[in-house]
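Working from the sequences, and respecting the hints, build out all of it.
Chains A and B, in that order, give the protein sequences.
Just so we're aligned: 103 in the working numbering is position 103 of the first sequence, and the numbers increase by one with no gaps anywhere.
Just so we're aligned: 93 in the working numbering is position 93 of the second sequence, and the numbers increase by one with no gaps anywhere.
Calculated from the structure, these hints are not laboratory results.
Don't take every hint at face value.
[Stated by the list, open to error] If you anchor each label on the Cβ, the simulated ranges turn out as follows:
#, chain 1, residue 1, chain 2, residue 2, range
1, B, Val58, A, Ala51, 39 to 47 Å
2, B, Thr52, A, Glu94, 25 to 33 Å
3, A, Glu34, B, Gln26, 25 to 33 Å
4, A, Leu32, B, Gly71, 40 to 48 Å
5, A, Ser77, B, Arg36, 51 to 59 Å
6, A, Ser22, B, Thr4, 30 to 38 Å
7, A, Arg80, B, Lys8, 38 to 46 Å
8, A, Thr33, B, Thr67, 28 to 36 Å
[Unchecked claim] Cβ-to-Cβ under 10 Å is the rule here; a few derived chain A residues that face chain B:
#, residue
9, Glu46
10, Val52
11, Glu60
12, Glu94
13, Trp97
14, Arg98
15, Gln99
16, Ala102
17, Gln103
18, Leu104
19, Asp106
20, Val107
21, Leu108
22, Leu109
[Said to hold, decoys possible] In silico negatives: residues of chain A with every beta carbon more than 12 Å from chain B:
#, residue
23, Arg30
24, Pro36
25, Ser37
26, Ala42
27, Phe49
28, Ser77
29, Thr78
30, Ser95
31, Arg100
32, Pro110
Positions of the beta carbon are idealized from the N, C-alpha and C atoms, including for glycine.
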Amino acid sequence: MVARRKESEEALNQLFRALADSTRRDILARSLTETPSVSDLAARYEMSFAAVQKHVAVLERAGLIKKRANGREQLVSTNRARLKRAGELLDYFESIWRQRMAQLDDVLLPKGK
Amino acid sequence: MPLTSVTKDAAKLTLTVVGDYPVPQQRLWDAFADPRQLERFWGPPAYPATFTRHDFKVGGRAEYFLTLPEGKKWSGSWKFTAVNPIRSFEAKDGEDNAEDENMPASMKFTFDTTPMGSRLTIVTRFSSVEAMEQTVPGMEEGLRAAMPQLDALLAERRASSARA
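Structure, rendered in structure tokens:
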């Protein structure tokens, strides 16, 4: 149980490191609607093939994309389930704020006991 | 319900929360200026907050900890970058009490008078998605585990306020 929790913690850290970069977020967005090859992606950014390949590798380690071989090419597609986790995080912040604002209401307008 | 709206912008990494309260603007401001009041609403219901410092002026710091259900403590701190009583204040938000100023999030609180009382607008801006995990208690405990629990807490809270 402890080991399992540790594992998900590390996966989570990896997920956020992957999302923290704008190029990687852009790669994710493109790979949602199409399945570009790594070379297609490399052609779209003003950086070296190796740099793009590195971004793709970070995304893959975080589980945000999947790579599939097609002949000599590596096709990239976004893992929607993982991306959804990032959205869940914002939802989590929202829930914290909802509680906080409700509690503030209790402080401002104490209900009779 | 005091909460008027929540706007999430994943691309800009901001969260905007607006709440309307039927009390004067000064009263709303005081809830943030007084650490004894602040600690009654800052922590989630299962994680009560204790403020050990609240130096409410530009350059001042606030330090607090949340007590998690298993007795573990989670520390957080703010550094105030603007304080304009009773209109607005801004703070950088960080994990633990490290004095390094590379804090992962910033918050701007704006207070306004409205026909019905007062309005509070809070804009939280995260420096990166990674930074988001550093500013939220319970993240280490596993977000997945916390979410259903939170929903239950919210439901309980609604039920108890309906009874009141």
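Structure-based check of each hint:
1. The hint said 39 to 47 Å for the Cβ distance between Val58(B) and Ala51(A), and at roughly 41 Å that hint holds.
2. Hint check: Thr52(B) to Glu94(A), Cβ distance near 28 Å, so the stated range 25 to 33 Å holds.
3. Under the hint 25 to 33 Å, the C-beta atoms of Glu34(A) and Gln26(B), about 56 Å apart, miss the expected range.
4. For Leu32(A) paired with Gly71(B), a C-beta distance near 43 Å keeps the hint of 40 to 48 Å intact.
5. Taking 51 to 59 Å as the suggested C-beta distance range, the pair Ser77(A) and Arg36(B) conforms, at roughly 53 Å.
6. Between Ser22(A) and Thr4(B) the Cβ separation comes to about 31 Å, which falls inside the hinted range of 30 to 38 Å.
7. Hint check: Arg80(A) to Lys8(B), Cβ distance near 18 Å, so the stated range 38 to 46 Å is violated.
8. For the hinted restraint 28 to 36 Å between Thr33(A) and Thr67(B), the CB-CB distance of approximately 46 Å leaves it violated.
9. For Glu46(A), the shortest C-beta to C-beta distance to chain B is roughly 21 Å, which exceeds 10 Å, and the interface hint is violated.
10. Evaluation of the Val52(A) hint against chain B yields a violated restraint, the C-beta minimum of about 20 Å exceeding 10 Å.
11. The interface hint given for Glu60(A) is violated, since its Cβ lies 17 Å from the closest Cβ of chain B, which is over the 10 Å cut-off.
12. For the restraint placing Glu94(A) at the interface with chain B, the shortest Cβ-Cβ distance is roughly 5 Å, inside the 10 Å limit, so the hint holds.
13. Proximity of Trp97(A) to chain B holds as hinted, the smallest CB-CB distance being about 5 Å (cut-off 10 Å).
14. Given the 10 Å rule on beta carbons, the hint for Arg98(A) holds: about 6 Å separates it from the nearest Cβ of chain B.
15. The restraint placing Gln99(A) at the interface with chain B holds, with a minimum CB-CB distance near 5 Å, inside the 10 Å limit.
16. For the restraint placing Ala102(A) at the interface with chain B, the shortest Cβ-Cβ distance is roughly 6 Å, inside the 10 Å limit, so the hint holds.
17. For Gln103(A), the suggested interface contact is upheld, since its CB lies about 4 Å from the closest CB of chain B, less than 10 Å.
18. Taking 10 Å as the C-beta contact cut-off toward chain B, the hint placing Leu104(A) at the interface holds, the least distance being around 4 Å.
19. At a threshold of 10 Å, the smallest CB-CB gap from Asp106(A) to chain B is about 7 Å, leaving the interface hint in force.
20. For Val107(A), the shortest C-beta to C-beta distance to chain B is roughly 5 Å, which falls under 10 Å, so the interface hint holds.
21. Below 10 Å, beta-carbon pairs count as interface contacts, and Leu108(A) has one with chain B at about 5 Å; its hint therefore holds.
22. With 10 Å as the threshold, the beta carbon of Leu109(A) comes within range of chain B, its nearest partner Cβ sitting at about 7 Å, so the hint holds.
23. Against the 12 Å criterion, Arg30(A) stays outside the reach of chain B, whose nearest CB is about 15 Å from its own CB.
24. Non-interface call for Pro36(A) relative to chain B: holds, since the shortest CB-CB distance, roughly 21 Å, exceeds 12 Å.
25. Its beta-carbon lying about 26 Å from the closest one in chain B, Ser37(A) satisfies the requirement of being farther than 12 Å from that chain.
26. Remark: the non-interface label on Ala42(A) is consistent with the geometry, its nearest Cβ contact in chain B lying 23 Å away (cut-off 12 Å).
27. A cut-off of 12 Å between C-beta atoms confirms that Phe49(A) is not in contact with chain B; the least separation is 25 Å.
28. Under the 12 Å C-beta cut-off, the non-interface status given to Ser77(A) relative to chain B holds; the minimum distance is some 20 Å.
29. No beta-carbon of chain B is positioned within 12 Å of the beta-carbon of Thr78(A); the least distance is around 14 Å.
30. A cut-off of 12 Å between C-beta atoms contradicts the statement that Ser95(A) is not in contact with chain B; the least separation is 5 Å.
31. Arg100(A), annotated as away from the interface, has a beta carbon of chain B within 12 Å; the closest lies near 6 Å.
32. Against chain B, the non-interface label of Pro110(A) is violated: not every CB pair exceeds 12 Å, the least being about 10 Å.
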